[in-house]
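Engineer: Sequence:
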Amino acid sequence: MTSLPRLGRRCHDSLNPLHSQIYFAPEAEREFTAVGLEPGRMSYFAGRAAAMGAVGAGVVAATFYNFSPTLVARHLPRAWELASPEAVLGARLATADASLRRLLGEGIADDPDVAAAAELAATAAEACGVSGRPLYASHAALPTPERPHLALWHSITLLREHRGDGHLVALAAAELDGLEALVSHTATGNGFTVEFACASRGWSKAEWEAAQARLADRGLLDAEGALTPRGVELRREVEEMTDRLAAAPYAHLGEPGIERLTEIGGRLTGQALSAVAFPPGVFVRR
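Okay, so the sequence shown: first residue is 586 according to my numbering, each after it adds one.
Everything labelled a hint here was simulated from the structure, so no lab data went into it.
Quick list of the computed label-pair ranges, beta carbon to beta carbon:
#, residue 1, residue 2, range
1, V644, R829, 24 to 32 Å
2, T655, E614, 20 to 28 Å
3, F863, A811, 20 to 28 Å
4, S669, F863, 28 to 36 Å
5, E848, D762, 31 to 39 Å
6, A759, A795, 17 to 25 Å
7, G621, R686, 18 to 26 Å
8, E614, S669, 13 to 21 Å
9, P728, E614, 20 to 28 Å
10, F868, A811, 13 to 21 Å
11, G643, A798, 24 to 32 Å
12, E666, P697, 38 to 46 Å
13, D698, G839, 14 to 22 Å
Just so it is clear, CB atoms sit at the ideal spot from N, CA and C, and this is done for glycine as well.
Working from the sequences, and respecting the hints, build out all of it.
Structural biologist: Okay, here's the thing in structure tokens:
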């Protein structure tokens, strides 16, 4: 029998692309620049942070974890001089609406499976705790949109940020700083390509190599930058702790609900991926 934490991970994996596609959506620049933000990376930092209010670069670097603080500081707090957090949140929801309709079709707003998934995801999110979960807590304070596809996107966001906050706890317990976490994760052969990870997170080649050297000194990477058996074990421990800390919403939902939500999420994500929700060169392809 599959354990509850593993069922939760499967459900997360089926849903998460439906949230994260907005960070690559062409609609994003249109919506965010319309409220005053500068083109480029500012929309990502301001959009994801806006639920916390007009926070500075330090708060975002801490809660986003694996971005270069220098990159974050190029965009915050300047973003709040150009647009209020409330306006940015509106632009973010408009981006989600437009991108989901493009990827999944205009009928997504009236799809009964989407409405069912929205209810299931909201039920799961009821059991998300706020203690030590700053990104989750800030997004949980936002109103749930009325339209089912946006209500689903909102609840997926809550589950994602709740899991993400717990993941940072696991990384800190493993004594991995933001860049070391990124380097060690790419070394697993999953997730981002090294090129995209470096460029999107704002790290230089020298900084990346210095993090590799620190991990090698701990016996976690070998001379070629691959994970050692000790490194593989540490990453396994991080992921298992993350799954465990993220299990409460799925325990609340129950296995039948998890299975149904995973089924619908998998179908919608497959459709979004077929519609090229993510550009080439972002993720490792297996």
